[in-house]
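2 protein chains.
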Amino acid sequence: MRATLPLGTTVSLKHGAGGRAMRALIEQLFAEGARQPPGAVGLAEMDDGAAFPLRDGWLVLTTDSHIVAPRFFPGGDVGRLSISGTVNDLAMMGATEVLGLTCAVVIEDGFPIAELERIHASMRDTSREADAPVVTGDTKVMGRGELDGIVLNTTGVALTGRLVRDNGLRPGDRIVVTGTVGDHGFAVLAARQKLELQGNLRSDVAPLNGLIRQVLRAAGEGVVAMKDPTRGGLASALHEMAEKSGVGVLLEEQTVPLSDEVRAASEILGIDPLHVANEGKAVLGVRPEALDRVMAALDRHPLGRRAAVVGTCIAEQRGRIVLDTGLGKRLLSEPEGDPMPRIC
Amino acid sequence: MRATLPLGTTVSLKHGAGGRAMRALIEQLFAEGARQPPGAVGLAEMDDGAAFPLRDGWLVLTTDSHIVAPRFFPGGDVGRLSISGTVNDLAMMGATEVLGLTCAVVIEDGFPIAELERIHASMRDTSREADAPVVTGDTKVMGRGELDGIVLNTTGVALTGRLVRDNGLRPGDRIVVTGTVGDHGFAVLAARQKLELQGNLRSDVAPLNGLIRQVLRAAGEGVVAMKDPTRGGLASALHEMAEKSGVGVLLEEQTVPLSDEVRAASEILGIDPLHVANEGKAVLGVRPEALDRVMAALDRHPLGRRAAVVGTCIAEQRGRIVLDTGLGKRLLSEPEGDPMPRIC
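The listed protein sequences correspond, in order, to chains A and B.
Position one of the first sequence corresponds to residue 1462 (this note's numbering), numbered consecutively onward.
Position one of the second sequence corresponds to residue 1462 (this note's numbering), numbered consecutively onward.
These are computed hints drawn from the structure, not numbers from a lab.
There may be inaccurate statements among the hints.
Short, incomplete list of chain A residues facing chain B, as computed with Cβ under 10 angstroms [to be verified]: (1) Ile1487; (2) Phe1491; (3) Ala1495; (4) Met1603; (5) Leu1620; (6) Gln1654; (7) Leu1656; (8) Glu1657; (9) Leu1658.
By construction, the Cβ of each residue, glycine as well, lies at the ideal position given by its N, Cα and C atoms.
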């Protein structure tokens, strides 16, 4: 199903917000005329990355630029985000052993070296945590006023024997989220706007490859689809997985794990946490017979303690998410994009 | 030899200009504490990219962000540059068969869709010319005034049986440039400043993998070092190759090919073309016995017609470039950086 939104005449913030508008831009422009290497997963698939068949398995490739504002926020910073985002996209394809990452940095003239050192130290620490070495890079500088601070691009390459796509769901499969949702988006928003929100809102930004490795070892072929719910949140990720797989998803709202702080913030701000970005969570599609093994493996890892089964794939309502609120059912809208700009 | 320039307290344009200042930033900050995957060519080597040993050869990985201003200039545009730059870095490691490229774009809110389409069409055409498909991407949008237009990052991955490094020179090896130098930098500068320069200054931006493939087929192990002289020009590239190889280079100035337009522009502007960026040229280190085969292979390719032998490696003056002007000899300075900001 193509996103049929008209592009308009200029790029706007929604085109970078991870929802329907962004998909329209990519489908109608960037993916147009793209050639597909034989046997590969390429641009047209719009998965978390690309994959090339090698003799022993797959080479997986993925890229992400990071423009989060503010650059430091409770729970993380742009450096930790830049490593985690790319490691997680690789992991979502089943590639948990990272060969290497590239880091291309574009910096504004006048940027403090001390802040660059802090960002670099955070990248280095997260790179160690994920066992994902940065192996090559590029440095460019733009003039004062030509760039708001810094843009960090990381691209990752990994090898895997088995590829996990985002389109492998079939009716009866269960949907699992690996923890609470909305933490990253609300934490960044609160930091940006210096909101006095109650409690301890913290971003969940973390590399997930260790967690996913453990799950894949425990459940093998029982994990049939994965996606990290970043921009556009769980709602966007589920829409994409459902559409590509040709199934509907029945999502039980009351089972979606939320921290007390996110619940409070979402009520105050009137923003649905299902639409808000996460940077340390995964959505898994799991065959019913593998569910117990998956949940047990998640529970054994510090990043999976609050994992929950939140839904079931159905044959009806293909490409749609039916939200069971506990009081009734309605279709969950696919957002045009994440309600928050520059969230990652 | 480490670049011992002090970093200072803020980033400045010279830190992105491809010379000593940039090297100091990378060595003293980004490469600090970097882990090296076993057997790999990583960040510490500061070659054109990274390389990992695979069973049958090497996986080569390289990244580049592109911020050229103006975005369209005689002979090319940021789209053509973004594909060529990364394809050329792969080729400079000996990897001429590109598996795939990633494209991560950061765009300013309000950017015209029509211009994005032009840039994308140029990327697509250049990608076909290089047989280097774009296989995955990322799209981010920053607010108005937060970014001057667009940043394009491309990262490339390629396989090669034989790796060509930039440190393989030994005394007696000959230095070849594959054509005229300085064209890209002067063309962009003239376009940016709307200079009325005589003649037809055009950027040389082009993917070189076809040319390099032909050279490597003809000369095999006779090509022992390669580098593309981008920011900082031929002077920077030669300094880096000489330093890493532990040789000196005797450069015969009068043999360096220059177009009439570049010669005129350099005289008017007082900028040495040896310090100016190229985007469609390579510097090759060639064993003397392979020189004829290399020159013949270059001559058979449209991008190699004006190739020339410009120097010889010597055992003295290690890490330095001795410029023979025809009237006498002097040391060629290693620039702090390219004299022109936002050149690529």
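Outcome of the hint check:
A hinted interface residue such as Ile1487(A) counts as satisfied when its beta carbon comes closer than 10 angstroms to some beta carbon of chain B; here the least separation is about 6 angstroms, so the hint holds. Checking Phe1491(A) against chain B: minimum C-beta separation of about 6 angstroms stays under 10 angstroms; hint holds. For Ala1495(A), the interface hint holds, the least distance from its beta-carbon to any beta-carbon of chain B being 6 angstroms, beneath 10 angstroms. Taking 10 angstroms as the C-beta contact cut-off toward chain B, the hint placing Met1603(A) at the interface holds, the least distance being around 6 angstroms.
Checking Leu1620(A) against chain B: minimum C-beta separation of about 9 angstroms stays under 10 angstroms; hint holds. The restraint placing Gln1654(A) at the interface with chain B is violated, with a minimum CB-CB distance near 14 angstroms, outside the 10 angstroms limit. The beta carbon of Leu1656(A) is not positioned within 10 angstroms of any beta carbon in chain B (closest approach about 19 angstroms), and the interface hint is therefore violated. Proximity of Glu1657(A) to chain B is violated relative to the hint, the smallest CB-CB distance being about 24 angstroms (cut-off 10 angstroms).
The beta carbon of Leu1658(A) is not positioned within 10 angstroms of any beta carbon in chain B (closest approach about 23 angstroms), and the interface hint is therefore violated.
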